[in-house]
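Number of protein chains: 2
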Amino acid sequence: MSNVFPDNSVGLITPRIAEFDEPLPLRSGRVLEQYSLVYETYGTLNENKDNAVLICHALSGNHHAAGYHSDTDAKPGWWDEAIGPGKPIDTNQFFVISLNNLGGCDGSTGPRSINPETHEIYGPDFPVFAVRDWVKSQARLADRLGIDKFAAVVGGSLGGMQAIRWSIDYPDRLDQCVVIAAAPKLSAQNIAFNEVARQSIMKDHEFHDGHYMKFDTYPSTGLALARMLGHITYLSDDSMREKFGRVHKTGVLNFNYDVDFEVESYLRYQGENFSERFDANTYMLMTKALDYFDPAGDHDNDLVACLSQATCEFLLVSFSTDWRFPPKRSEEIVNALIKAKKNVSYIEIDAPQGHDAFLFPIPDYFNALSAFLNRGAEQRRQISGQTETREAVS
Amino acid sequence: MSNVFPDNSVGLITPRIAEFDEPLPLRSGRVLEQYSLVYETYGTLNENKDNAVLICHALSGNHHAAGYHSDTDAKPGWWDEAIGPGKPIDTNQFFVISLNNLGGCDGSTGPRSINPETHEIYGPDFPVFAVRDWVKSQARLADRLGIDKFAAVVGGSLGGMQAIRWSIDYPDRLDQCVVIAAAPKLSAQNIAFNEVARQSIMKDHEFHDGHYMKFDTYPSTGLALARMLGHITYLSDDSMREKFGRVHKTGVLNFNYDVDFEVESYLRYQGENFSERFDANTYMLMTKALDYFDPAGDHDNDLVACLSQATCEFLLVSFSTDWRFPPKRSEEIVNALIKAKKNVSYIEIDAPQGHDAFLFPIPDYFNALSAFLNRGAEQRRQISGQTETREAVS
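If you read the protein sequences in the order shown, they are chains E and W.
Mapping the first sequence onto the working numbering, position 78 (from 1) lands on 112, and the numbers just tick up by one.
Mapping the second sequence onto the working numbering, position 347 (from 1) lands on 381, and the numbers just tick up by one.
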């Protein structure tokens with residue numbers, strides 16, 4: 035490891051690409067004929083190939099979860115505080131895989147890719163994905179890497195929904211499932227926020243029904259608005275108060291529509307910054323995947339019946355001030371798992387950061403994550419030890 | 035009363051206009067040289083002129099609070115359920131005045147009016163108002179109508195903020211102050227929502243820095259987005275669930291960006307409907323008045339010191355599921371009033387409708403309003419009776 039990086043960093047990381055030619059049939063009825071997944075790995079796959087952990091990303095996330103892409107990177111991956119040697123997802127123990135989901139805009143096949151059928155950019159013609167479609171593509175990546183069964187599948191927010199889907203669709207392919215700050219399905223209010231975000235993008239003059247790349251333009255205004263709105267829902271009222279209070283930017287009221295309060299300039303910055311790095315069509319389809327997620331829907335809305343298929347252990351984590359997916363939404367999952375007689379641990383973390391808390395290194399949260407994953411590893415060692423003993427005896 | 039209207043309606047109402055030539059100095063330092071206020075009255079002013087009740091409207095409200103403008107009106111005024119013979123604000127007892135605030139778009143001088151200095155439409159040059167400016171203009175309307183002292187000043191949301199301002203700036207001019215679903219100042223989250231709404235309007239291609247009327251166009255898209263967003267904050271998560279659940283519009287997922295869920299079409303309709311009837315510059319300045327409201331700001335942020343100036347009785351009402359101005363925000367005012375040794379009644383109403391609840395005829399809420407106003411009327415009758423007795427004796 036380069037000594038420019040902290041000791042507990044996974045260090046310099048080079049993303050890899052996996053190409054797939056086998057068609058991927060989607061929930062929508064459409065088929066993705068061929069596709070690529072960009073991914074990173076941290077740590078080493080052991081001989082038993084039973085120490086792999088899959089990280090599923092949220093709405094605006096990507097494959098770069100930990101480490102650095104160059105010596106000059108100002109910031110490490112988005113979940114660097116959780117992944118690394120000695121960290122909760124300990125790369126001394128686990129082989130961690132993090133990918134950019136299909137439909138993304140950071141290297142995996144998505145709206146900015148060329149449609150092999152038309153030889154043109156997909157743009158808005160890229161299929162709308164369901165969470166199960168992502169999980170299916172992730173399972174194929176696991177096949178490619180020789181991983182039959184994950185030690186754990188881990189995700190926060192939309193990533194947590196992917197983890198839930200893993201436990202239902204591939205019950206034999208994971209030992210543990212970690213679902214952080216998620217919900218069994220979106221509320222009408224959640225959908226409403228997503229709809230206003232989509233309308234902001236769709237009504238931008240530069241959107242051109244999603245064909246903005248053909249017009250060599252970009253709906254940055256609409257995407258910035260969507261992100262500003264998203265940001266309000268990621269932060270708690272408390273954390274906004276702590277962060278900004280009602281502090282005036284200049285100390286004087288302007289009596290015009292310039293920035294009066296700190297929170298206004300923060301939101302404008304967040305919106306503009308995001309709109310420069312993210313793809314609007316990706317944002318659209320990510321929000322639709324959120325809206326559509328409803329695994330109990332296939333089981334007459336019976337979440338217990340739905341989760342009965344799972345065989346893994348579960349850890350659910352929620353955060354006290356998260357009003358996007360509040361603790362009661364996690365508890366719906368926990369209660370259904372208990373009724374389905376599954377092995378489930380649950381912790382509500384007292385944290386001021388709102389939904390965003392899942393990205394913060396909060397001690398109780400990281401300790402729970404670490405203890406849960408270690409317990410799984412310990413169980414595997416015991417089973418493996420028993421097997422070895424038995425082999426030695428026989 | 036025409037028999038086409040319900041018996042407990044104030045019936046057919048004709049708005050009136052009051053013209054003012056005396057310049058109105060504003061908090062911003064600007065001066066409105068002349069202006070008109072459109073208003074309605076319901077009931078009869080008594081001989082003592084002590085039975086007048088002022089209604090202050092919220093962000094998108096206007097002077098038409100009760101009754102009908104024609105025999106063919108589909109709907110009565112916005113607070114018709116509260117105002118009328120035998121209703122909580124009983125027009126058999128009270129003389130009710132309801133006006134359109136300055137800067138509005140329903141008849142009072144505002145951004146759509148002609149600036150007498152330039153002979154052009156004000157548009158974005160109409161001054162940004164503070165709540166205290168509205169209250170000052172309302173006091174002048176009271177002068178014009180010969181009302182020295184209101185029996186009560188009543189308002190919900192932004193209207194409640196005007197009622198608070200009345201109690202501070204004109205302590206001798208009201209007996210009772212009714213503050214419904216309000217807050218002593220906006221939170222950073224409240225300001226953030228307003229900022230996203232303003233950005234939606236300002237970034238609309240048809241906004242032209244507010245000069246859209248000059249260009250014979252209208253930022254309807256931006257205003258619709260602002261209203262959609264507003265609507266989410268007016269409804270509770272619970273009420274959205276009750277109203278829409280996750281009901282699909284068609285029963286089938288579209289896998290495109292058409293309407294999938296009922297809540298989406300509701301929001302689109304609300305947004306479009308509003309953008310046809312409301313002025314974008316008015317929306318902008320109403321949100322700024324909300325952001326700027328902070329009466330304690332003039333008293334080193336000491337709300338107790340600020341409210342110490344008041345002499346009237348207070349009724350505060352909050353609603354359990356209101357997350358825009360939750361009960362704890364009303365309680366901040368209540369607690370400050372108690373510390374300032376004021377006469378204050380407070381009720382938190384258990385209601386599922388969120389912030390919008392203040393517009394609903396919820397029995398406990400309407401009973402509290404009615405009882406409070408009747409107590410004030412009874413006190414005035416007793417004092418007046420004592421005065422008469424004393425006069426008869428002397």
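The reader is advised that the hints may include incorrect statements.
The list treats identical chains as one, so a pair stands whether inside a single copy or across any two.
Derived DSSO-like pairs: lysine-lysine, alpha-carbon spacing no greater than 30 angstroms straight-line [claimed, not checked]: (1) K248 / K109; (2) K376 / K183; (3) K362 / K170; (4) K170 / K277.
Since the hints were derived computationally from the structure, they do not count as laboratory data.
Status of the hints after comparison with the structure:
Within a single copy, K248 and K109 get their C-alpha atoms no closer than 33 angstroms, and across copies no closer than 48 angstroms, so neither meets the 30 angstroms cut-off. Taking the shortest Cα distances, K376 and K183 sit within 30 angstroms of each other inside one copy (19 angstroms), while across copies they are farther apart (68 angstroms). In this assembly of identical chains, the alpha carbons of K362 and K170 lie at most 30 angstroms apart only when taken from the same copy (29 angstroms versus 46 angstroms across copies). In the homo-oligomer, the alpha carbons of K170 and K277 never lie at most 30 angstroms apart, since the shortest distance is 40 angstroms inside one protomer and 35 angstroms across protomers.
The earlier numbered hints that this structure contradicts are 1 and 4.
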